[in-house]
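Engineer: Start from the sequences and build out the full structure, keeping to the hints where you can.
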Amino acid sequence: MNKLLAWLDDRTGYRGLMHEALYERIPGGARWRYVWGSSLVFCFFVQVVTGIFLWMAYSPSAQTAWESVYYIEFEMDGGSLLRGIHHYTAQLMVVLLALHLLQVVIDGAYRAPREINFWLGLVLMKIVLGLALTGYLLPWDQKGYWATQVATKIAGIVPLVGPWLQQAIVGGKEYGHHTLTRFFALHAGVLPGLLVAVLALHLALFRKHGLKAKEPLRKPETTFWPEQVLRDGVACLAVLVTVVLLSIFARAELGAPADPADSYDAARPEWYFLFLFQFLKFFHGETGELIGAIVVPGAVMLLLFLMPFIGRSQVGHWANVLFIFLVLGGAALLTGMAIYEDHHAAWTNADAATEKFADVRKMLDTIEADLRKNGGKSIYSGKSEAERIDIYAQATKSSAEQLAIDHYKYQAYRKSQDHIAANELAEGNAQRSHELAATGIPPHGALKLVHDDPKLQGPRLFAKHCASCHDHVDEEGNGIREPRPLAYVPDAENPGQQKLDPRGAPNLYGFATRKWLAGLLDPKRIAAAHEDKEKWLVADAPYFGNTTHRDGDMAGFVRDSLSELDAEGKATLEKVIAALSAEAALPAHKELDAAAAKDGTLEAGRTAIAEHAWEGGACIDCHKFHDNGDLGMAPELTGYGSRQWLIDFIGNPAHARFYEGDKNDRMPAFAADAGNPANNLLTRHELELIVDWLRGDWYRPLGD
Amino acid sequence: MSKPSNTGPANKPASTPPTKPNAGEDRRGFVAIAAGAIGAIVAAVPVLAGLRVFADPLTRTPKKKSTTDGALENGMIRVATLDAMPEIGKVYRFPVVATREDKWSRYDAHPIGTVFLRRTSAAERPVAFTSVCPHLGCSVDIKGDVYKCPCHNSTWTIEGERINPESCPSPRDLDELEVEVKGNDVFIAYKRFRGGIEEQIEE
Ligand code: FES
Numbered sequence: 097m098n099k100l101l102a103w104l105d106d107r108t109g110y111r112g113l114m115h116e117a118l119y120e121r122i123p124g125g126a127r128w129r130y131v132w133g134s135s136l137v138f139c140f141f142v143q144v145v146t147g148i149f150l151w152m153a154y155s156p157s158a159q160t161a162w163e164s165v166y167y168i169e170f171e172m173d174g175g176s177l178l179r180g181i182h183h184y185t186a187q188l189m190v191v192l193l194a195l196h197l198l199q200v201v202i203d204g205a206y207r208a209p210r211e212i213n214f215w216l217g218l219v220l221m222k223i224v225l226g227l228a229l230t231g232y233l234l235p236w237d238q239k240g241y242w243a244t245q246v247a248t249k250i251a252g253i254v255p256l257v258g259p260w261l262q263q264a265i266v267g268g269k270e271y272g273h274h275t276l277t278r279f280f281a282l283h284a285g286v287l288p289g290l291l292v293a294v295l296a297l298h299l300a301l302f303r304k305h306g307l308k309a310k311e312p313l314r315k316p317e318t319t320f321w322p323e324q325v326l327r328d329g330v331a332c333l334a335v336l337v338t339v340v341l342l343s344i345f346a347r348a349e350l351g352a353p354a355d356p357a358d359s360y361d362a363a364r365p366e367w368y369f370l371f372l373f374q375f376l377k378f379f380h381g382e383t384g385e386l387i388g389a390i391v392v393p394g395a396v397m398l399l400l401f402l403m404p405f406i407g408r409s410q411v412g413h414w415a416n417v418l419f420i421f422l423v424l425g426g427a428a429l430l431t432g433m434a435i436y437e438d439h440h441a442a443w444t445n446a447d448a449a450t451e452k453f454a455d456v457r458k459m460l461d462t463i464e465a466d467l468r469k470n471g472g473k474s475i476y477s478g479k480s481e482a483e484r485i486d487i488y489a490q491a492t493k494s495s496a497e498q499l500a501i502d503h504y505k506y507q508a509y510r511k512s513q514d515h516i517a518a519n520e521l522a523e524g525n526a527q528r529s530h531e532l533a534a535t536g537i538p539p540h541g542a543l544k545l546v547h548d549d550p551k552l553q554g555p556r557l558f559a560k561h562c563a564s565c566h567d568h569v570d571e572e573g574n575g576i577r578e579p580r581p582l583a584y585v586p587d588a589e590n591p592g593q594q595k596l597d598p599r600g601a602p603n604l605y606g607f608a609t610r611k612w613l614a615g616l617l618d619p620k621r622i623a624a625a626h627e628d629k630e631k632w633l634v635a636d637a638p639y640f641g642n643t644t645h646r647d648g649d650m651a652g653f654v655r656d657s658l659s660e661l662d663a664e665g666k667a668t669l670e671k672v673i674a675a676l677s678a679e680a681a682l683p684a685h686k687e688l689d690a691a692a693a694k695d696g697t698l699e700a701g702r703t704a705i706a707e708h709a710w711e712g713g714a715c716i717d718c719h720k721f722h723d724n725g726d727l728g729m730a731p732e733l734t735g736y737g738s739r740q741w742l743i744d745f746i747g748n749p750a751h752a753r754f755y756e757g758d759k760n761d762r763m764p765a766f767a768a769d770a771g772n773p774a775n776n777l778l779t780r781h782e783l784e785l786i787v788d789w790l791r792g793d794w795y796r797p798l799g800d
Numbered sequence: 003m004s005k006p007s008n009t010g011p012a013n014k015p016a017s018t019p020p021t022k023p024n025a026g027e028d029r030r031g032f033v034a035i036a037a038g039a040i041g042a043i044v045a046a047v048p049v050l051a052g053l054r055v056f057a058d059p060l061t062r063t064p065k066k067k068s069t070t071d072g073a074l075e076n077g078m079i080r081v082a083t084l085d086a087m088p089e090i091g092k093v094y095r096f097p098v099v100a101t102r103e104d105k106w107s108r109y110d111a112h113p114i115g116t117v118f119l120r121r122t123s124a125a126e127r128p129v130a131f132t133s134v135c136p137h138l139g140c141s142v143d144i145k146g147d148v149y150k151c152p153c154h155n156s157t158w159t160i161e162g163e164r165i166n167p168e169s170c171p172s173p174r175d176l177d178e179l180e181v182e183v184k185g186n187d188v189f190i191a192y193k194r195f196r197g198g199i200e201e202q203i204e205e
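The listed protein sequences correspond, in order, to chains Y and C.
Its first residue numbered 97, the first sequence is counted upward by one per residue in this note's numbering.
Its first residue numbered 3, the second sequence is counted upward by one per residue in this note's numbering.
Just so you know, the hints here were simulated from the structure itself, not pulled from any lab data.
Please note that a few of the clues may not be correct.
[Said to hold, decoys possible] Rough simulated footprint, nothing fancy, chain C against chain Y, three-plus residues with beta-carbon under 8 Å:
hint: 1; segment: 490 to 498
hint: 2; segment: 652 to 665
[To be verified] Covered stretches of chain Y (chain C as the covering partner; in silico rule of three or more C-beta atoms under 8 Å from a C-beta of chain C):
hint: 3; segment: 175 to 185
hint: 4; segment: 257 to 263
hint: 5; segment: 525 to 537
[To be verified] Here are a few chain C residues that face chain Y, going by a calculated C-beta distance under 10 Å:
hint: 6; residue: Gly-31
hint: 7; residue: Ala-34
hint: 8; residue: Val-55
hint: 9; residue: Thr-61
hint: 10; residue: Arg-95
hint: 11; residue: Trp-106
Yeah, the Cβ is synthetic: ideal placement off N, Cα and C, and Gly gets one too.
Structural biologist: Here you go:
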């Protein structure tokens, strides 16, 4: 063995090399403060190792990037841990970089003869930040996709070469396959290669000049091995334990797949770039952005590069130390501000906030109500926000200044609430996309799963196409309720005049469920109207609220014929409700319907719909129900609330099967032209998504 | 070995010689072992974490197979109906259609192979042979009452037995597949076997 090693040494001189590597002199003894550099090298080692293994499972293209990362994270054994280590080590590396830089500046280790090595260190810092930036995009999830857009847009505002630079980085005008292949090549090839080269120089120069010992020397000189190696090792172990624990207890995130069509309100850069994001908020316009995004950061970098010259004198050194503290402190402060602005609503007690903003909300409500009531004649009409506050303050004899301040705070609070809600939505979407991906991803990619999912798309389509009249809110008031814009229409009674056109069609939450139908057939609820015209909420009138049906035959029938039912009548009504709801075949009622079919309730209910004579007549006097009754008077009850019934109804509510002709109150036909779909407001696919969502008909994983 | 440069203003030559080896021999030995051990651990963990993922294909238990419409719980695939093979004793050929999964991707149902089915009597379940030749994997054909592989001319009887076991290139009889009948539907457990060897081993 010894002979073999001797031979090896003779041919390679490895002993000398090892000796040189391990017996670096450390004047003043080993110290904890020297561990930063080594732990950074260790981080890089971890990133190379974990990165190469991730590489073996990662596939960079717009249809496979998210999918392969999903597979690593949720399917492969140990994948989550591996990805977690890579994810968190990257973040820790940024922290360690800052500490290393701070220490070098404080110790004056940038001074002659180490200037060049200091510069190499700054270059390394830029490379590491570049790695962080490029790595963030690779999972191709909503978060990375939208956050990176900001970065590449910034590249685009660089004077002269900006647009060219941007296109070169992105691989075209828009994000796509080549954005990923380019970012991946940068992330796994170019940048690590550069980093290795610069790091080699950095270490070589470090060896050449020796360690910059901290004065005064506390102990006799020692060598790198083993005293300092032990300390470095402990630091690396601390790094490793931290990232492993983080990976296990706070899994690296994977958002919903990147969707260019779905702008992402929760978009933020990774936390270590938050300070830049916050800093940019202070700059507006093209020049402003140029200054904020390029000139100022460039100037800071320049000053860092000049440190060795500035620091020649003791005063200069102190100036440098002050500067680095200002920069890092400023970055920390900006990061804190960004986090506060986004999240402070979560830290504020809801009751306290209600109390604190009571005056402001009262003011806003008053102004809004006045605008609703008086329209163009309102004293607030056509005024700016500040003017409105002044007018209101004068009218109520309160302090305009205080109101303005509170108003500002209230807006910030609302913004934070919005951000929190956007985060929650993003998290929900992410989880749903994982659920869907677990069923297997079609060759088109996971985005297709997302786009074909009623649970994800239904609310969006409903908000866009239906919510200007309909609500979709549960008993607690959660759901979709858009502020209804005021609409004025020509007043038939007073020609030439406009009159308010109150909107407010049924709340479709739980449509065709037994509960919903029971409410519709409840004399008290069917025609509940929006009495308070200043604030229509459909919740006050969940059925025929502000439609002409409020005064229609059905409402009259329910009021007159169903208000004083005896016990038997009530039982019959219940059966009718069960039978009618069963027509919809809702997934949520699957068991209820089956039970009702078994015990004869459905049969009895169907017979009652066809035959039972209520005070005001039978159902089939107006409605068609299977073989009984005729079309043309009121909506058909055959298949009421079923998938096809809803598709047909929304497609054309004025069809003879529903509210024929002018019986239909203002509801548009969304897909009346079957022959020429281009003429329709909704595509067939969109219509199906809305209907499936309304019916709660979507994929549920087992045990859900 | 190059000498560390001591020209830096703050990096004065060390005033004391390096620690004498014999002075703190014990301590130094302990420190060396600790440093070596910790170094080994921190270097090993990321490598092991990576190898674990790398070994995923070796430790992966396949997910419950086949999501094809009409497939049985145990993954058997519906290939035909009894009505589609009215003649007892006649060989019929049917495609095997199934979904395929590749890592994260799920491909819609498409043909993955063909099978020969023959009913021996009205009561018994049909006999199924895969069309993959046990020799080197060509697609076997049926010519009258004889199965024939076009590649190296192996031939089998209608029962799937080699006609000339001594001279037949195929090392074994045709590979039979498990069949199940539910009502009118015929299901098979589609499998692939290794070619060119006597023993029938699933791939
Ligand atoms: S492959 Fe069929 S005989 Fe060779």
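Engineer: Using C-beta distances, would you say chain C covers the segment 257 to 263 of chain Y, given that this needs three or more residues below 8 Å?
Structural biologist: violated (count 0)
Engineer: Closer than 8 Å, Cβ to Cβ, for at least three residues: run that test on the segment 175 to 185 of chain Y against chain C and report holds or violated.
Structural biologist: holds (count 4)
Engineer: Taking the closest Cβ pair, is C/Ala-34 under 10 Å from chain Y?
Structural biologist: C/Ala-34 check passes; min Cβ-Cβ to chain Y is 4 Å, inside 10 Å.
Engineer: Are there at least three residues in the segment 490 to 498 of chain Y whose beta carbon sits under 8 Å from a beta carbon of chain C?
Structural biologist: violated (count 0)
Engineer: Checking hints one by one. Is C/Thr-61 an interface residue toward chain Y, by the C-beta closer than 10 Å rule?
Structural biologist: holds (6 Å)
Engineer: Can the segment 652 to 665 of chain Y be counted as covered by chain C under the rule of three residues or more with Cβ-Cβ separation shorter than 8 Å?
Structural biologist: Our answer is that it is violated, as 0 residues pass the Cβ test (under 8 Å) against chain C, missing three.
Engineer: Hint validation: C/Val-55 versus chain Y, beta carbon distance must be below 10 Å. Holds or violated?
Structural biologist: holds (5 Å)
Engineer: Hey, does the C/Trp-106 contact hint survive, CB to chain Y under 10 Å?
Structural biologist: holds (4 Å)
Engineer: Are 3 or more residues of the segment 525 to 537 of chain Y near chain C, judged by a Cβ distance of less than 8 Å?
Structural biologist: holds (count 4)
Engineer: With chain Y as the partner, please determine if C/Arg-95 meets the hint condition of a C-beta pair closer than 10 Å.
Structural biologist: violated (29 Å)
Engineer: Given C/Gly-31 as an interface hint, is the shortest Cβ-Cβ distance to chain Y below 10 Å?
Structural biologist: holds (9 Å)
Checked against the numbered hints given earlier, this structure breaks hints 1, 2, 4, 10; the rest are met.
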